[in-house]
Amino acid sequence: MRKALRAVLLAGLAMGAVTASTAARADMLAQFFTAQADGRDFGPTICCFANHNEVMTTLGPDGLPVFNPASSPTLQDLNPATQELTWWTPSAASATSPGVVSAGTQVITGNSYSNGSFYPAGHGNDANGFMTAIFSGSFNLNTEQTIDFSLSADDDALLFIDGTAAVLLGGIHGQGGTDGSANANVDLTAGSHNFELFYADRQQSGAGLDFSVPNDLIVNPTAPPGVPEPAGWALMILGFGTTGAVLRRRRSLVIA
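Numbering (numbering that gives the first Met the number 0), first residue to last: 0 to 255.
Source of the hints: derived by calculation from the structure; they are not laboratory data. For each residue, glycine too, the CB sits at the ideal point set by N, CA and C. Treat each hint with caution, since some may be false.
[Claimed, not checked] Now the in silico label distances, taken between C-beta atoms and shown as ranges:
1) 94 with 214: 40 to 50 angstroms
2) 183 with 116: 23 to 33 angstroms
3) 51 with 143: 22 to 32 angstroms
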(Lines of atoms letter the chains of each structure in order from A and count residues from 1; the text may use other names and numbers.)
(Lines give C-alpha, C1' and ligand atoms only; values in the text may rest on other atoms or scores of the structure.)
Protein backbone atom coordinates (compact mmCIF):
# COMPACT_ATOMS: atom_id res chain seq x y z
CA MET A 1 0.00 0.00 0.00
CA ARG A 2 2.81 2.40 0.92
CA LYS A 3 4.64 1.56 -2.32
CA ALA A 4 1.50 2.24 -4.30
CA LEU A 5 0.94 5.55 -2.48
CA ARG A 6 4.56 6.55 -3.04
CA ALA A 7 4.21 5.79 -6.73
CA VAL A 8 1.10 7.95 -6.95
CA LEU A 9 2.84 10.86 -5.16
CA LEU A 10 5.88 10.64 -7.44
CA ALA A 11 3.65 10.58 -10.48
CA GLY A 12 1.84 13.65 -9.19
CA LEU A 13 5.09 15.51 -8.63
CA ALA A 14 6.29 14.61 -12.12
CA MET A 15 3.03 15.83 -13.63
CA GLY A 16 3.32 19.08 -11.68
CA ALA A 17 6.84 19.60 -12.97
CA VAL A 18 5.68 19.09 -16.55
CA THR A 19 2.79 21.51 -16.04
CA ALA A 20 5.07 24.14 -14.50
CA SER A 21 7.48 23.94 -17.42
CA THR A 22 4.75 24.24 -20.05
CA ALA A 23 4.85 27.60 -21.82
CA ALA A 24 1.94 29.92 -21.13
CA ARG A 25 -0.54 30.44 -23.93
CA ALA A 26 -1.55 33.74 -25.44
CA ASP A 27 -4.75 34.05 -27.43
CA MET A 28 -5.07 37.34 -29.30
CA LEU A 29 -8.19 38.58 -31.05
CA ALA A 30 -7.53 39.74 -34.62
CA GLN A 31 -10.03 41.82 -36.59
CA PHE A 32 -9.18 42.10 -40.30
CA PHE A 33 -10.32 44.72 -42.82
CA THR A 34 -9.70 45.60 -46.46
CA ALA A 35 -9.26 49.23 -47.49
CA GLN A 36 -9.35 50.51 -51.07
CA ALA A 37 -6.86 52.85 -52.73
CA ASP A 38 -8.08 56.43 -52.50
CA GLY A 39 -5.02 58.49 -53.38
CA ARG A 40 -5.06 60.06 -49.93
CA ASP A 41 -3.84 57.63 -47.24
CA PHE A 42 -3.86 54.47 -49.42
CA GLY A 43 -2.50 53.97 -52.92
CA PRO A 44 0.37 52.88 -55.17
CA THR A 45 1.92 56.35 -55.41
CA ILE A 46 2.06 57.12 -51.67
CA CYS A 47 5.72 56.63 -50.77
CA CYS A 48 8.03 56.62 -48.87
CA PHE A 49 8.53 57.97 -45.36
CA ALA A 50 8.60 57.06 -41.69
CA ASN A 51 6.40 59.04 -39.34
CA HIS A 52 6.71 58.02 -35.71
CA ASN A 53 4.42 60.76 -34.43
CA GLU A 54 1.59 60.60 -36.96
CA VAL A 55 -0.96 59.91 -34.19
CA MET A 56 -1.50 61.19 -30.66
CA THR A 57 -0.20 59.23 -27.70
CA THR A 58 -3.66 58.28 -26.41
CA LEU A 59 -6.58 56.63 -28.19
CA GLY A 60 -9.69 58.58 -29.09
CA PRO A 61 -13.25 58.26 -27.75
CA ASP A 62 -14.01 55.37 -30.12
CA GLY A 63 -10.85 53.50 -29.12
CA LEU A 64 -8.98 54.36 -32.34
CA PRO A 65 -5.73 56.26 -33.05
CA VAL A 66 -6.13 60.03 -33.37
CA PHE A 67 -4.29 62.02 -36.04
CA ASN A 68 -1.56 64.30 -34.73
CA PRO A 69 -1.93 67.67 -36.52
CA ALA A 70 1.71 68.49 -35.74
CA SER A 71 2.95 65.60 -37.91
CA SER A 72 3.72 65.57 -41.62
CA PRO A 73 2.52 64.51 -44.12
CA THR A 74 -1.13 65.12 -43.28
CA LEU A 75 -3.47 62.14 -43.02
CA GLN A 76 -6.89 62.63 -44.59
CA ASP A 77 -9.04 59.57 -43.88
CA LEU A 78 -10.31 60.85 -40.55
CA ASN A 79 -13.50 60.99 -38.55
CA PRO A 80 -14.30 64.73 -38.82
CA ALA A 81 -15.72 64.85 -35.29
CA THR A 82 -12.96 63.01 -33.40
CA GLN A 83 -10.00 63.11 -35.85
CA GLU A 84 -9.62 59.35 -35.39
CA LEU A 85 -8.26 57.36 -38.33
CA THR A 86 -11.00 55.56 -40.28
CA TRP A 87 -8.67 52.82 -41.56
CA TRP A 88 -10.38 50.22 -39.36
CA THR A 89 -13.98 51.47 -39.62
CA PRO A 90 -16.16 49.64 -42.17
CA SER A 91 -17.87 52.20 -44.38
CA ALA A 92 -18.38 53.18 -48.00
CA ALA A 93 -15.75 55.24 -49.78
CA SER A 94 -16.13 58.94 -49.07
CA ALA A 95 -14.14 62.10 -48.47
CA THR A 96 -13.26 60.78 -45.00
CA SER A 97 -12.87 57.04 -45.69
CA PRO A 98 -11.00 54.96 -48.28
CA GLY A 99 -13.86 52.47 -48.31
CA VAL A 100 -13.33 49.75 -45.71
CA VAL A 101 -14.97 46.32 -45.45
CA SER A 102 -14.61 43.72 -42.73
CA ALA A 103 -12.47 40.74 -43.77
CA GLY A 104 -13.22 38.53 -40.78
CA THR A 105 -12.28 37.90 -37.17
CA GLN A 106 -9.90 35.28 -35.82
CA VAL A 107 -8.49 34.17 -32.49
CA ILE A 108 -4.71 33.90 -32.92
CA THR A 109 -3.43 31.03 -30.80
CA GLY A 110 0.10 31.48 -29.53
CA ASN A 111 2.38 34.25 -28.31
CA SER A 112 3.13 35.72 -31.72
CA TYR A 113 1.74 36.55 -35.15
CA SER A 114 3.82 36.57 -38.35
CA ASN A 115 2.67 37.32 -41.89
CA GLY A 116 5.18 38.30 -44.54
CA SER A 117 2.50 38.56 -47.27
CA PHE A 118 -0.28 40.49 -45.57
CA TYR A 119 -2.55 40.70 -48.61
CA PRO A 120 -6.31 40.24 -49.12
CA ALA A 121 -7.36 36.58 -49.19
CA GLY A 122 -6.91 34.96 -52.58
CA HIS A 123 -4.44 37.56 -53.83
CA GLY A 124 -0.65 37.55 -53.88
CA ASN A 125 -0.34 41.32 -53.78
CA ASP A 126 -2.20 44.43 -52.69
CA ALA A 127 -3.34 45.57 -56.13
CA ASN A 128 -6.93 44.71 -55.15
CA GLY A 129 -6.95 46.33 -51.73
CA PHE A 130 -4.89 46.94 -48.62
CA MET A 131 -5.17 44.92 -45.42
CA THR A 132 -5.64 46.63 -42.08
CA ALA A 133 -6.10 44.86 -38.75
CA ILE A 134 -6.53 45.28 -35.02
CA PHE A 135 -4.89 42.78 -32.65
CA SER A 136 -5.99 42.94 -29.03
CA GLY A 137 -5.82 41.10 -25.73
CA SER A 138 -5.79 41.49 -21.96
CA PHE A 139 -3.62 40.06 -19.18
CA ASN A 140 -3.00 40.31 -15.44
CA LEU A 141 0.19 40.86 -13.44
CA ASN A 142 0.81 39.93 -9.80
CA THR A 143 3.48 42.57 -9.33
CA GLU A 144 4.90 45.62 -11.07
CA GLN A 145 6.96 44.42 -14.02
CA THR A 146 8.59 45.44 -17.28
CA ILE A 147 7.00 43.66 -20.25
CA ASP A 148 8.67 43.44 -23.66
CA PHE A 149 6.58 43.67 -26.83
CA SER A 150 8.34 43.10 -30.16
CA LEU A 151 7.09 44.14 -33.59
CA SER A 152 8.10 44.94 -37.14
CA ALA A 153 5.83 46.03 -39.97
CA ASP A 154 5.32 47.20 -43.54
CA ASP A 155 3.61 49.69 -43.23
CA ASP A 156 1.98 51.25 -40.13
CA ALA A 157 1.98 49.44 -36.76
CA LEU A 158 0.68 51.41 -33.78
CA LEU A 159 0.87 49.64 -30.42
CA PHE A 160 -1.08 50.94 -27.42
CA ILE A 161 -0.96 49.58 -23.87
CA ASP A 162 -3.91 50.58 -21.68
CA GLY A 163 -4.82 53.19 -24.28
CA THR A 164 -1.37 54.84 -24.27
CA ALA A 165 1.14 54.62 -27.11
CA ALA A 166 4.03 52.18 -26.61
CA VAL A 167 5.40 51.95 -30.18
CA LEU A 168 4.41 54.08 -33.17
CA LEU A 169 5.84 52.71 -36.43
CA GLY A 170 3.93 55.09 -38.65
CA GLY A 171 4.36 55.95 -42.31
CA ILE A 172 5.16 54.07 -45.51
CA HIS A 173 8.28 51.97 -44.96
CA GLY A 174 9.75 48.51 -45.29
CA GLN A 175 9.69 45.91 -42.56
CA GLY A 176 12.77 46.06 -40.34
CA GLY A 177 15.42 48.62 -39.52
CA THR A 178 14.81 51.67 -37.36
CA ASP A 179 11.78 52.74 -39.39
CA GLY A 180 9.97 49.41 -39.46
CA SER A 181 10.81 47.55 -36.24
CA ALA A 182 11.02 48.14 -32.50
CA ASN A 183 10.91 46.54 -29.07
CA ALA A 184 8.79 48.16 -26.40
CA ASN A 185 9.88 47.66 -22.78
CA VAL A 186 6.79 48.81 -20.92
CA ASP A 187 6.72 49.28 -17.13
CA LEU A 188 3.35 48.10 -15.85
CA THR A 189 1.79 48.03 -12.40
CA ALA A 190 0.20 44.97 -10.82
CA GLY A 191 -3.33 44.32 -12.05
CA SER A 192 -5.23 44.04 -15.31
CA HIS A 193 -3.91 45.49 -18.58
CA ASN A 194 -4.88 45.47 -22.24
CA PHE A 195 -3.14 46.09 -25.54
CA GLU A 196 -4.25 47.06 -29.03
CA LEU A 197 -2.05 46.85 -32.12
CA PHE A 198 -3.35 48.75 -35.15
CA TYR A 199 -1.84 47.62 -38.45
CA ALA A 200 -2.24 49.09 -41.94
CA ASP A 201 -0.67 48.30 -45.31
CA ARG A 202 -0.99 51.49 -47.36
CA GLN A 203 1.28 51.22 -50.42
CA GLN A 204 1.90 48.58 -53.10
CA SER A 205 5.46 47.66 -52.19
CA GLY A 206 4.99 44.71 -49.87
CA ALA A 207 3.00 44.08 -46.72
CA GLY A 208 4.04 42.31 -43.54
CA LEU A 209 3.74 42.16 -39.78
CA ASP A 210 5.58 40.35 -36.98
CA PHE A 211 4.29 40.83 -33.45
CA SER A 212 5.02 38.93 -30.24
CA VAL A 213 4.42 39.05 -26.50
CA PRO A 214 6.59 37.30 -23.86
CA ASN A 215 6.34 33.50 -23.88
CA ASP A 216 5.37 33.40 -20.21
CA LEU A 217 2.51 35.87 -20.57
CA ILE A 218 -1.03 34.50 -20.71
CA VAL A 219 -3.26 36.73 -22.81
CA ASN A 220 -7.04 36.59 -23.12
CA PRO A 221 -8.51 37.57 -26.51
CA THR A 222 -10.64 40.64 -25.86
CA ALA A 223 -12.08 43.27 -28.16
CA PRO A 224 -10.53 46.75 -27.85
CA PRO A 225 -12.42 49.13 -25.53
CA GLY A 226 -14.67 51.44 -27.54
CA VAL A 227 -14.36 49.43 -30.77
CA PRO A 228 -17.61 47.65 -31.73
CA GLU A 229 -17.26 43.92 -31.27
CA PRO A 230 -17.74 41.90 -34.46
CA ALA A 231 -20.95 39.95 -34.92
CA GLY A 232 -20.65 36.44 -33.61
CA TRP A 233 -17.74 37.17 -31.26
CA ALA A 234 -19.78 36.04 -28.26
CA LEU A 235 -20.49 32.75 -30.03
CA MET A 236 -16.78 32.28 -30.68
CA ILE A 237 -16.09 32.63 -26.95
CA LEU A 238 -18.68 29.96 -26.18
CA GLY A 239 -17.07 27.77 -28.82
CA PHE A 240 -13.81 27.56 -26.88
CA GLY A 241 -15.45 24.79 -24.86
CA THR A 242 -15.62 23.69 -21.25
CA THR A 243 -12.24 21.99 -21.31
CA GLY A 244 -10.42 25.18 -22.19
CA ALA A 245 -12.26 27.05 -19.45
CA VAL A 246 -11.25 24.48 -16.84
CA LEU A 247 -7.62 24.57 -17.93
CA ARG A 248 -7.52 28.35 -17.72
CA ARG A 249 -9.00 28.34 -14.21
CA ARG A 250 -6.27 25.97 -13.10
CA ARG A 251 -3.47 28.11 -14.51
CA SER A 252 -2.30 31.36 -12.98
CA LEU A 253 -3.09 34.32 -15.21
CA VAL A 254 0.13 36.10 -14.19
CA ILE A 255 3.80 36.30 -14.92
CA ALA A 256 5.96 34.93 -12.11
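Hint check results:
no., hint, verdict
1, 94 with 214: 40 to 50 angstroms, "holds (45 angstroms)"
2, 183 with 116: 23 to 33 angstroms, "holds (25 angstroms)"
3, 51 with 143: 22 to 32 angstroms, "holds (27 angstroms)"
Checked against the numbered hints above, the structure breaks none of them.
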